[in-house]
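If you read the sequences in order, they're chains A and B. Just so we're aligned: the first sequence equals residues 154 to 683 in the numbering used here. Just so we're aligned: the second sequence equals residues 154 to 683 in the numbering used here.
Please note that the accuracy of each hint is not assured.
Identical copies look the same in the list; a pair holds intra-copy or inter-copy alike.
What the hints assert, rightly or not - Simulated crosslink set (SDA-like; lysine to any residue; CA at most 20 Å straight-line): (1) K286 x A271; (2) K286 x G606; (3) K219 x N287; (4) K471 x E232; (5) K286 x E230; (6) K471 x L487; (7) K219 x P654; (8) K286 x D601; (9) K602 x N288; (10) K602 x N287.
Calculated directly from the structure, the hints in this document are not laboratory data. Just so it is clear, the structure is predicted and the values come from calculations on it, not from any experiment.
Number of protein chains: 2
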Amino acid sequence: MSQLQPVLIDGQWRSSLGQESFTATNPATQEALAEKYPLSPWDEIEQALQSADRAFREVRGWPGEKFAAFLDRFADESEARTDALVAMARLETGLPIEPRLKNVELPRTTNQLRQAAAAARNGSWTTPTIDTKNNLRSMFGPIGPVAVFGPNNFPFAFNSIAGGDFAAAIAAGNPVIAKGHSSHPGTTRLLAEAAHAAAQATGMPAGFVQLIYRTSHHDGARLVSHPLIGAAGYTGSRSAGMVLKEAADAAGKPIYLELSSINPVFILPGVMQERGEKLAEEFTASCLMGTGQFCTNPGLVVLLAGERTDAFIQDVAKRFSSAPVGTLLGGAVLKSLTEGIEKLRAAGAVSLTPDTPPSGSGFCSPNTLLRVDGKAFLRTPHALQTEAFGNASLIVVAKDEEELLGVVERLEGNLTGSLYTAADGSDDALYDRIVPTLRQKVGRLLNDKMPTGVAVSPAMNHGGPFPATGHPVFTAVGIPAAIHRFSMLQSYDAVRPHRLPAALRDQAPHGELWRYVDGRWMTGDIAVSS
Amino acid sequence: MSQLQPVLIDGQWRSSLGQESFTATNPATQEALAEKYPLSPWDEIEQALQSADRAFREVRGWPGEKFAAFLDRFADESEARTDALVAMARLETGLPIEPRLKNVELPRTTNQLRQAAAAARNGSWTTPTIDTKNNLRSMFGPIGPVAVFGPNNFPFAFNSIAGGDFAAAIAAGNPVIAKGHSSHPGTTRLLAEAAHAAAQATGMPAGFVQLIYRTSHHDGARLVSHPLIGAAGYTGSRSAGMVLKEAADAAGKPIYLELSSINPVFILPGVMQERGEKLAEEFTASCLMGTGQFCTNPGLVVLLAGERTDAFIQDVAKRFSSAPVGTLLGGAVLKSLTEGIEKLRAAGAVSLTPDTPPSGSGFCSPNTLLRVDGKAFLRTPHALQTEAFGNASLIVVAKDEEELLGVVERLEGNLTGSLYTAADGSDDALYDRIVPTLRQKVGRLLNDKMPTGVAVSPAMNHGGPFPATGHPVFTAVGIPAAIHRFSMLQSYDAVRPHRLPAALRDQAPHGELWRYVDGRWMTGDIAVSS
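Isolated chain A, as found in the complex (with noise of 0.2 Å):
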């Protein structure tokens, strides 16, 4: 019998407090992989708190070039682990190693790690905004330990360790409690492994970076709503979310999160007719990448009614009959996926796809297109935006335009809104009708593309109203606007010159940090009145 894997706690990899344990599964053999992680109990996240604020207190007030140093680092770290990375996530999540995990995942993490440090040395996310006039200077800083939970899909670049709310909640300034997803405990491990020798490395202290792999709903919501903490990442399921979401909101805590989204996509009759079957094969490559377990995966396409759409469906039917069946990311995957479907059906969704179960051993289900019309959607919209997160999509077929307009009425929240047009113009009036609409209810919208590529970007928005995140100000994704979600505004009112932070004082701390100063964007020193 295996040995409990440590957890890394105030510095150290330790054994866990915890006598409960669970291992991860190979989703292609439906195998337990044999390494046993504990479940943390509260004891245990306390003394994580503990160590994070004593952290808390070692790095406020260190200049970003420190924290810019440990997020340089740990890519590099990260790097140099490539090989056993990749092997880890293949064998936790069924994910290709290439072109995927080894090709664009990692070093899309990596990328983002070294976003992230460049943020911090320039300092210019903490948006200093001085009024020279009133003597009055604010800036962003940082919030207090962060606990991040990562989700199952990305098990790189939304790590709880390694990714987006990761690094934006270091390059705050802020210690980072991480807690794993439990389908890829082993990759977590590795990852936590390269951010603890970062940390060594760059001279951080103890309760900088610290892991747990899993605890109770119950501890989760207490960590999150904890005194000690300044906020908290969350990307994962609904229901699970909602529990601590409801904890840190009553507590006053901030927390922010990812939670579902469909990420509707229209294609107007005027396009469909000029490259019908072009967007077929787009829409099939898109809903089927990854087996379909992205955040920004189209789940909901809504067309009107013709022969040209009907052409489409066939085709997009026959595509995902004959596409490979992929391998989801587990049990738990399979199962919501399984009863996802269900609930689509069961609101009215008829599948056009043969229901045959895939061979082999892996957690897989049959690539799966489901149709329903217009006047079903609006007679019970919210069981057709159930969320069936995998390799399943459901086409709504309005039977016109003022039908059609109805169906964006109802549209939930999301991530994401994709309208795809004829060159030609014929589609403008009918877009001029959704967009105002649509435009409320995404935090993205985009024109003839979908919306699986998520750039890393200063302008991304990876966010959107609720139920697809807690909060529609802020975004997951994009360097500097991410960092702010883990930070706190803090004015400076008539304080000395000499205790300023550097950001904030007449003179730049370098040439290169942008600063709003009486109403106007500026690099370089504040001219002094004499």
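We have chain A; now place chain B onto it with these hints.
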């Protein structure tokens, strides 16, 4: 018997659907005023929501200039009603006409409306962010109808239909449903008349500004969590605010709250030596200004034990006792102040001022100075941070620096924290020990200054960690930051140029718009690469 005052719904002053009514009370005489105001039932709120939704559908996409024109006109209309406004506010709040209402608060309110207008016109608050390489563009856009709940203590500057939340919500392009404070319905009515006149003169749709005077807690909770609501702003008591917060949070609707703050002030030993007597005067003035009914009133002073401190305390106690006793805003304030003082006493605080009931017929409480030692504070820190909103303050005397730092550690979230220190540098070491901890607990840090003034400045933070507010990233005062609260982040991914909002096109809509383009802040057009 006088008729019920009408409510402003869907662009018209209408008889309320409600049968229940209330009257305001003149706090200077404790006599009920003649006018009767309705308690709005749910159906009326539902009508307001539907109308606000219709208005939002009409105005979304409008250029900021239109909202600016309304805000500017509203400022003019308010000024044109100065005499009626200040007379009514005097009657309903007991606040002096001069200088407070006429020379300070009303000008501040119209100035804030005009600042919001300038921000709406310029558009830089939307933070247009452009990544030309990825053709990703983002900006903040309106969030939809906003419900604003105003407090009792600023009949103009924080009024639900004229104050900071209102101005910010409108500047972002949102209709507002105002819920006036029951203690000054007449003032609110006059402001709503000015707002309505401005809305008509500038062509705003019917439901753009609406007013109800009162509703049940239950219906208030329904309002802030309703599907048609974009967000809500609330300033007031913690208990009522938490009811709204819970409802809004559960529905995933943003709500911005300003709940309670005792605004700790530290006077360090060196400066106490240098100018203790001067500070006694300054402190007393700040405490009793507006009869202590400011969100930023210094309710807690922390001092180090010593002879000079004892003299300071005696001096302040004498000043409190001899200062005229102001009129409180109403019976509810008097009751909560009395209860707050009782709680502080029950936790060990001792009154240093006589308990003799003030003469006269108004709602008054004697100016109250309380004292407790640091040891007692450390024993029951929560009870000794009870907000006694009004003309009462608590002095905590710590026996040494360690005990004082223990007090700092136990402080809850506050809007402000002030430190007075010696000119000769003798307090610097202690300052440096206090501030790192205090900084994380307050939105605004002040040096050698009382917290009661709140400038409307881009660098202001009228915010802070819970329970001061509901979220420490946001400020309720200061433009442009306050506007972001009533917005959502909207990203455009590969959206065709002619469909982009003007602020996101290569060609800037005007030369004064600040945009963050490829990592640099700039005004003007984006160079088109050929």
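The hints, checked one at a time:
For the identical chains of this complex, K286 and A271 are inter-copy neighbours only, at 19 Å across copies versus 32 Å inside a copy, given an alpha-carbon limit of 20 Å. Proximity of K286 and G606 under a CA criterion of 20 Å is satisfied inter-copy only: 15 Å between copies versus 45 Å inside one chain copy. In this homomeric assembly, K219 and N287 never come within 20 Å of each other (Cα to Cα): the closest approach is 32 Å inside a single copy and 30 Å across copies. In this assembly of identical chains, K471 and E232 lie within 20 Å of each other by CA distance neither inside one copy nor across copies; the values are 40 Å within and 69 Å between.
In the homo-oligomer, the alpha carbons of K286 and E230 never lie at most 20 Å apart, since the shortest distance is 47 Å inside one protomer and 29 Å across protomers. Taking CA atoms no more than 20 Å apart as the test, K471 paired with L487 passes in neither setting, with 22 Å inside one copy and 74 Å between copies. Taking the closest pair of Cα atoms, K219 and P654 come within 20 Å of each other only inside a single copy of the chain (15 Å); across copies the shortest separation is 39 Å, beyond that limit. Taking the shortest Cα distances, K286 and D601 sit within 20 Å of each other only across copies (17 Å), while inside one copy they are farther apart (49 Å).
Taking the closest pair of Cα atoms, K602 and N288 come within 20 Å of each other only across two copies (12 Å); inside a single copy the shortest separation is 48 Å, beyond that limit. Taking the shortest alpha-carbon separations for K602 and N287, only the inter-copy value of 13 Å comes in at or below 20 Å, while the best intra-copy value is 48 Å.
Of the hints listed earlier, those the structure fails to meet are numbers 3, 4, 5, 6, in rising order.
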